Amino acid sequence: PVIETDTHHALRSFAACDPSGRLVVGVANAGGEAIATALRLGQHGAPLADGAEAWVLEAGGGGLLDESVRLNGQPLSSVGGEVPELPPVTLPAPAGAFSAPPFSVAFLHYAAVVPE
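Residue numbers (the working numbering): 7 to 122.
Any given hint could turn out to be false.
Now the in silico label distances, taken between C-beta atoms and shown as ranges [said to hold, decoys possible]: (1) 32 x 93: 15 to 25 Å; (2) 67 x 122: 36 to 46 Å; (3) 92 x 18: 13 to 23 Å; (4) 86 x 42: 34 to 44 Å; (5) 94 x 74: 17 to 27 Å.
Just so you know, these hints were derived from the structure itself, not from any lab.
In this text, all values refer to a predicted model and were calculated from it rather than measured experimentally.
Just so you know, even glycine gets a beta-carbon here, dropped at the ideal spot from N, CA and C.
Whole structure, please, built from the sequences with the hints as guidance.
As structure tokens, then:
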């Protein structure tokens, strides 16, 4: 995949396949401002036509020094050391547009995309 946006030194992306061969894109925003991106496939920039699932981890309300973290905008915590359910949010089709929140890491799962 290709991220189509102005070059921004705070934004990093990584792509891999899940165990069934579907596309997963990791997007990390190390900057203090949200960055809008447009993800496209291949060298010719085909848009992503289908939706996607997203897991977006963000710093708590106090920024990077906060001891809390949010998943998809909701506070994330464990009870008795047990990891809670981690449901994704659905990005509607076309799912190529994504705004990476400040100080965040996002995992975008494109179940309809099988890289060749």
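Structure-based check of each hint:
1. 32 x 93: 15 to 25 Å: holds (18 Å)
2. 67 x 122: 36 to 46 Å: Given about 42 Å between the Cβ atoms, the range holds.
3. 92 x 18: 13 to 23 Å: The hinted range 13 to 23 Å holds for residue 92 and residue 18, with Cβ atoms some 22 Å apart.
4. 86 x 42: 34 to 44 Å: The hint (34 to 44 Å, Cβ to Cβ) holds, given that residue 86 and residue 42 are roughly 39 Å apart.
5. 94 x 74: 17 to 27 Å: holds (20 Å)
When held up to the earlier numbered hints, the structure conflicts with none and fits them all.
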